[in-house]
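K.L.:
In case you want the letters, here they are:
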Amino acid sequence: MRGKSRRAGRALKAFAGVLLSVIVVASGARAADDAGPNGDWPMAGHDYANTRFSPLDEINAANVGKLSLAFTFSTGVLRGHEAAPIVADHTMFVVTPFPNVVYALDLTQPGAPIKWKFSPYPSSSAQGEACCDVVNRGAAYANGSLYFNTLDNQTISLDAKTGKENWRVQLGDFARGETMTMAPLVADDKVFVGNSGGEYGVRGFLQALDAKSGKALWRAYSTGPDADVLIGPTFKPFYAQDQGKNLGVSSWPGEAWKIGGGTVWGFVSYDPAQNTLYYGTGNPGPWNPAQRPGDNKWTSGVFARDAGTGEARWYYQMSPHDLHDYDGINESILVDVAVNGQTHPALVHPDRNGYVYVIDRTNGQVLSATPFVPITTSMGVDMKSGRIQWNPDKQPEPGKTVRDICPASPGGKDWQPSAYSPRTHLVYIPHQNLCQDAMTSQVSYIAGTPYVGADLKIKVGPGGKRGLFTAWDPAAAKAAWKIEEDFPVWSGALATAGDLVFYGTMDGWFKAVDAKSGKALWRFKTGSGIVGQPVAYRGPDGKEYVAVLSGVGGWAGGIVAGDLDARDASAGGGFVNAMSDLPQKTAKGGMLYVFALP
Amino acid sequence: MNVRAACCVVAAIVSLAACQREKRDFEAPTKAVTPPPVRLSEIQPGAISTKTSLEGKYEDNAFALSEGKRLFGWYNCTGCHAHGGGDKGPALMDRVWIYGSEPAQIYATIVEGRPNGMPSFGGHIPDNEVWELVAYVRSLSGLASGMASPNRSDTMHVKAPESNVEAQQPVTAAPSGASERP
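Line by line, the protein sequences give chains A and B.
Per the numbering used here, the first sequence runs over residues 1 to 598.
Per the numbering used here, the second sequence runs over residues 1 to 182.
Okay, chain A solo, but in the shape it has when bound (with noise of 0.2 Å):
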């Protein structure tokens, strides 16, 4: 085992030698635009782009230290709480985990009083069809109106001043396994928003609504003929492995890519030069890979397709027949890269598989894809080919337990979203170290049950630390700095124009560090731990806040918010054999806190 592995590593510095010359040219000026003029963070990822950079810088590197507590909120809900608080109109908007409850603060007042509240009732047994945790990461805000999903699958738009709901449309099933988690993204009068339940046998897509009315516009599915897929003659996929005609039926047996998954549950990024979306496709069902030998098109990869057609563009598949559950669901930021002095116009997507890639955005070439947690499950990702090597040493065999699997399921990063800073031109990443053994099995498929087929056991990983935050470096294609931390940092990542980058760790700890250094420079223990999406916003007082939702839960906080039994390894998705001490850390909550300089 350990002299493979020491050859995977010689592959990898081979494939990354390749990428030393990149260069990252981005430039955050159409960030701030697409996010108000005012300080606002009108979307989880702040901006198109994706970034969660805030170009407020009232609070600093010299200043931090005196950061304190304005107000707080409680959600009321005991889940895990991954979404971002959403401002726009001098009004924080904050979705809770099912329920999915939405309330609106009024910022203009002392303590931010409840302006209004809405509650969807979403259906109780859609809590039963919710692989990890019953989340929701968040609103969208756009002219006026609110957007946002329910676990039941509908997606919900309601007058940002009144709360009045203008309409609702049901985009899924979820007595088939089938729920809603993401937070919607509004572009060019649409709402574009996509389904989980790749643990359950569901067909993935992306759906495009009328902002104003909720009328469909188009659906692209993530598996199936290319009818259904929205390929036509546009598509231009870059490498060999993806063209072809009908591959979303001809990469699986038979009608499995009916129930392969696929699903679209991250954030989605949109160009608007290009009239371009980009997102991430989810793992193939079920698990076990030995049902559907293939290469399992569309799922874990990215697709970029026309915003106002939904016609794909181009496509890279990340992890070809995903043995791993490596998810392609990950955010891509939007930053212009140079390479050997041309500049791309190109999407940073650091992957579960474990690779940061730095991908092309006009025509899906990967420009690099570099390792940024210890790998195991593959020895590189071939430049010509663009297909991921994996070692048939780790690959997965029915009633065969595989030691040593890294990164683990959840990947060497979840769905936790980076942050990019255009000042220090660093993508900050908050993860996670950690490996697992598995054991994978034939499983039925049974509509609106699990759909996995596998055992996992989660364990730490090289180096004795399960969290890392680590600063990334496009140009150089190599981490800039790296901080450790006891638990995975699930999390959301938040950059400043005062050069502070702010997260949460899932003991409760919100802290801000250098954006240049890593150095630790401000810290607060929250109630509950953090799992949620840290935002800046400029008050109507003209200030900067920073906010963000404390509530452990979440696939990794699984074992605190749904009282799981660590005495069995696989309980949780095997997680909760990596998180036993969790429960002596920390406890359920879900309390909203902002701060800001005295």
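I should point out that these hints are in silico values taken from the structure, not numbers from a laboratory.
We treat Cβ as the ideally placed atom computed from N, Cα and C, and that holds for glycine.
Please note: incorrect hints may appear among the correct ones.
[To be verified] A few chain A residues facing chain B, derived, Cβ under 7 Å:
(1) Val339
(2) Gln342
(3) Asp563
(4) Leu564
(5) Arg567
(6) Ala569
(7) Ala571
[Claimed, not checked] To spell it out: a stretch of chain A is covered by chain B in this simulated footprint if at least three of its residues, at any positions, have a beta carbon under 8 Å from a beta carbon of chain B; those stretches are:
(8) 435-446
(9) 449-461
(10) 494-500
With chain A fixed as given, assemble chain B onto it according to the hints.
P.N.:
Coordinates of chain B only, in the frame set by chain A:
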């Protein structure tokens, strides 16, 4: 039809409806009360009446318990409850029972489903298999016979075998974390 006739018809309809509205069934057998086959609540109005039968069918039967274990995987129970430690659904190897630990209560939970995400399996799987599942679910916290409970798994080793679980005193309660486990 003249106006008077129309009025008569309307009056007749109104009075008929009124009859239905005011009707009382004086013959109703008010003293015959059927207790439910299974009680989900531990409180009753007035004195606690004697229990109806809550017996399981296979608590001591090794074959049925091992069948229960196989079906627990086949019907994807493991997808939500793992091998007893819980996942989307609650842990079943601890002493905390949201909907009761008695065999008939577990039977009802499987057949009826429960409102926060437990599917209703009634009508979808044979009755006999439900009882095998009931016995196996109880074995996860040592409530079935240790002599008959399964002692091996077809999966990789993730926990102690059911035959080796010390019986835990069941409590009907809301789960509140690992700290209260014995």
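K.L.:
Decide, hint by hint, whether the structure agrees.
P.N.:
Hints, verified against the model:
{"no.": "1", "hint": "Val339", "in the structure": "violated, 43 Å"}
{"no.": "2", "hint": "Gln342", "in the structure": "violated, 48 Å"}
{"no.": "3", "hint": "Asp563", "in the structure": "holds, 4 Å"}
{"no.": "4", "hint": "Leu564", "in the structure": "holds, 4 Å"}
{"no.": "5", "hint": "Arg567", "in the structure": "holds, 6 Å"}
{"no.": "6", "hint": "Ala569", "in the structure": "holds, 4 Å"}
{"no.": "7", "hint": "Ala571", "in the structure": "holds, 3 Å"}
{"no.": "8", "hint": "435-446", "in the structure": "holds (count 7)"}
{"no.": "9", "hint": "449-461", "in the structure": "holds (count 6)"}
{"no.": "10", "hint": "494-500", "in the structure": "violated (count 0)"}
Comparing the model with each earlier hint shows violations of hints 1, 2, 10; every other hint is respected.
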